[in-house]
Amino acid sequence: MLQELFSPSVQHALDLAGIFVFAISGALLAVRKNFDVFGIAVLAEVTALGGGLFRDLVIGAVPPAAFTDLGYFVMPLVASVFVFFLHPQVERIQGSVNVFDAAGLGLFCVTGTTKAYDYGLGLTASALMGLATAVGGGVLRDVLANEVPSLLRWDRDLYAVPAIVGSTIIVLCIRFDCLNGFTTALAVISGFGLRLAAMRFHWRAPRAWNRRSAATEAEAEKATA
Amino acid sequence: MLQELFSPSVQHALDLAGIFVFAISGALLAVRKNFDVFGIAVLAEVTALGGGLFRDLVIGAVPPAAFTDLGYFVMPLVASVFVFFLHPQVERIQGSVNVFDAAGLGLFCVTGTTKAYDYGLGLTASALMGLATAVGGGVLRDVLANEVPSLLRWDRDLYAVPAIVGSTIIVLCIRFDCLNGFTTALAVISGFGLRLAAMRFHWRAPRAWNRRSAATEAEAEKATA
Amino acid sequence: MLQELFSPSVQHALDLAGIFVFAISGALLAVRKNFDVFGIAVLAEVTALGGGLFRDLVIGAVPPAAFTDLGYFVMPLVASVFVFFLHPQVERIQGSVNVFDAAGLGLFCVTGTTKAYDYGLGLTASALMGLATAVGGGVLRDVLANEVPSLLRWDRDLYAVPAIVGSTIIVLCIRFDCLNGFTTALAVISGFGLRLAAMRFHWRAPRAWNRRSAATEAEAEKATA
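Chains as they are written, first to last, in this note's numbering: chain A, 1 to 225; chain B, 1 to 225; chain C, 1 to 225.
Same shape as in the complex, but just chain A:
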């Protein structure tokens, strides 16, 4: 029912766009980690499809969309080929990749939330699944690359908050019965815009109280370097 809010072909195109930009981020990390061409493709697939796969397993939508829609599988391969040959150029336009990634974040948190609600989850759980859909692929990417997920690190710009805001707008709209094309677009744009702002102004989340001694800062800086 909710899904009717989007024209199916529009939703599908947006999904594919989100998958493509997430796949680019996975493939770029693989190049940086010096993986071979299969490592690049695997990391691109995992980053692009991991969040949605986790969501579908949890809500019981098996087989997951990632395995029933050929386009979902092909898109990360296209991204991999693209990065394989053009990674110096792609890295130079990292800024624009981040913009696309932010767009993917805004979109995935919204589609994740509505799909979870369609499958009967409660409002809070749906918002949570929206968040997991949006950030799950990136966490899997970092785990496979043997790095601390950037979602968890204090020295990265806010990533979870924009997704939470997008998801929350959707569940509030469902709750107050005002979910429509306009409010959906508003949610996507809120997530997207907040992530852009977080990157632009380097918004960061606080670490635990009393945990900001100079020693810790220096340590963290070293770890980042």
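Among the hints, erroneous ones may be present.
To be verified - Estimated spans, in silico, between C-beta atoms of each pair: (1) C:Leu70 <-> B:Arg92: 45 to 51 Å; (2) A:Leu70 <-> B:Asn146: 33 to 39 Å; (3) C:Ala185 <-> A:Phe85: 36 to 42 Å; (4) B:Gly71 <-> A:Ile189: 29 to 35 Å; (5) C:Leu77 <-> B:Val81: 41 to 47 Å; (6) C:Ser9 <-> B:Val81: 54 to 60 Å; (7) B:Arg204 <-> C:Leu77: 18 to 24 Å; (8) C:Val74 <-> B:Asp177: 21 to 27 Å; (9) B:Phe201 <-> A:Ala17: 54 to 60 Å; (10) C:Ser9 <-> B:Leu16: 46 to 52 Å; (11) C:Thr68 <-> B:Asn146: 30 to 36 Å; (12) B:Ala197 <-> A:Thr124: 38 to 44 Å; (13) C:Gly193 <-> B:Phe182: 57 to 63 Å.
As the list claims (entries may be wrong) - Computed list of lysine-lysine pairs in BS3-like fashion (alpha-carbon distance at most 25 Å, straight line): (14) C:Lys33 <-> A:Lys33; (15) A:Lys33 <-> B:Lys33; (16) B:Lys33 <-> C:Lys33.
Simulated from the structure, these hints should not be mistaken for laboratory data.
Just so we're clear, the structure is a prediction, and the values are computed from it rather than from any experiment.
Built from N, CA and C at the ideal position, the CB exists for glycine as well.
For this one, chain A is given, so just place chains B and C on it according to the hints.
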């Protein structure tokens, strides 16, 4: 049927208590790894709910309890806030946290086993799911924090054995038709008590035969430091 | 229907053989990482059963075979005991272990593909699940051991390609309606033989274009050492 052995509200209260103490252990590791406030919350949620989530996916109980019961989701957030402000105090009482963690271990191996059996798994498989429920969250916590799971390390006190004992008592009671409130409590207390004893007396499992040269010890000590 | 192609008892024996050799590879890594006896058993179980578990969760075959067939669970324990006492000898015969691992790879990609198709996945998705079944356990093994999955590393011999070839032969046979005992054996042997050849002649996949400077090579060599 088996679940009737517990009063639902008692079981729920025990579940929430187990979730809370596991969440504390996740949040404390996040503080030690210098994660930001979202990293703390994510690691608390994953540690507390990961084992049960894995169990529910495997036995086909979707959507998992973690997403249908709001309390399961809120409890780790409470633990995160608690650790965020009070982590120096909480670390000082690490001993008592370990006691609660041991209680969670004893409880989760028992509830995991009975839930798996309720969903039609065999006796051995149920005991296995009990073990996975009890230790799964901790393994996910360590993987996300980019550390070798302490479950696997030889230089940590026994963790799996107490859970195996608790699970085994339950399946033996099911097999010999004597599962009741008393034997269930016995299983919880066995797991709990064995873990306490393992910590108190530093019981450790052996490493592979012929693998205890001085060089290896020194290496391991360095890795631990 | 497809499964009838194999005599069930033959298929089961082959499955157990594949599980055993994968478990050996997991247990050996655990010994090398200095894990205790439970770490060895856990890593053996995860390596042997992880790929099939992932496949069964994705295609909705719950509870997964790993939890309904006692032999699947016992086999890795046997492998663990074996490695626990005999690891110096087993390491000395690493070559023959690799041969068995290659056999497991060839077999798992074929059984994974046919099982996924039996559960209604499309041809491409089935081939993909065959690949995931064959390589999934090894990826989980490396993640738990806190290493970069060897599947992704450029300095390892081809691993994914033999599995892809085996899976592809199966789906082509399904597509052109010529799947039978002979073509199935051909697929297994192709995967097996290609992996052997990749190890023998050190076939490796290329890294990203323009990513082969002397500095990078030196770095990578250091990382490998």
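Going down the list of hints, with the structure as the test:
One distance hint, 45 to 51 Å for the beta-carbon pair leucine 70 (chain C) and arginine 92 (chain B), holds here, with the actual separation near 46 Å. Restraint check, leucine 70 (chain A) to asparagine 146 (chain B): a C-beta distance of roughly 34 Å satisfies the suggested window 33 to 39 Å. Checked against the given bound of 36 to 42 Å, the beta carbons of alanine 185 (chain C) and phenylalanine 85 (chain A), roughly 38 Å apart, stay inside it. Checked against the given bound of 29 to 35 Å, the beta carbons of glycine 71 (chain B) and isoleucine 189 (chain A), roughly 33 Å apart, stay inside it.
The beta-carbon spacing between leucine 77 (chain C) and valine 81 (chain B), approximately 42 Å, falls within the hinted interval of 41 to 47 Å. In this structure the hint that serine 9 (chain C) and valine 81 (chain B) lie 54 to 60 Å apart at CB holds, the actual value being about 57 Å. Distance hint for arginine 204 (chain B) and leucine 77 (chain C): a CB-CB separation of about 20 Å, consistent with the stated range 18 to 24 Å. A hinted range of 21 to 27 Å for the beta carbons of valine 74 (chain C) and aspartate 177 (chain B) is consistent with their spacing of about 25 Å.
Between phenylalanine 201 (chain B) and alanine 17 (chain A) the C-beta distance comes to about 58 Å, which sits within the given range of 54 to 60 Å. In this structure the supplied range 46 to 52 Å holds for serine 9 (chain C) paired with leucine 16 (chain B), their Cβ-Cβ distance being about 48 Å. Distance hint for threonine 68 (chain C) and asparagine 146 (chain B): a CB-CB separation of about 34 Å, consistent with the stated range 30 to 36 Å. At roughly 40 Å, the beta carbons of alanine 197 (chain B) and threonine 124 (chain A) sit within the given window of 38 to 44 Å.
In this structure, glycine 193 (chain C) and phenylalanine 182 (chain B) meet the distance hint of 57 to 63 Å, their C-beta atoms being roughly 60 Å apart. Simply put, lysine 33 (chain C) and lysine 33 (chain A) have alpha-carbon atoms about 22 Å apart, close enough for the 25 Å limit, and the pair holds. Of the pairs offered as hints, the one joining lysine 33 (chain A) and lysine 33 (chain B) holds, with about 22 Å between alpha carbons and a cut-off of 25 Å not exceeded. For the proposed pair lysine 33 (chain B) and lysine 33 (chain C), the alpha carbon gap of about 22 Å is at most 25 Å, so the pair holds.
Comparing the model with each earlier hint shows no violations; every hint is respected.
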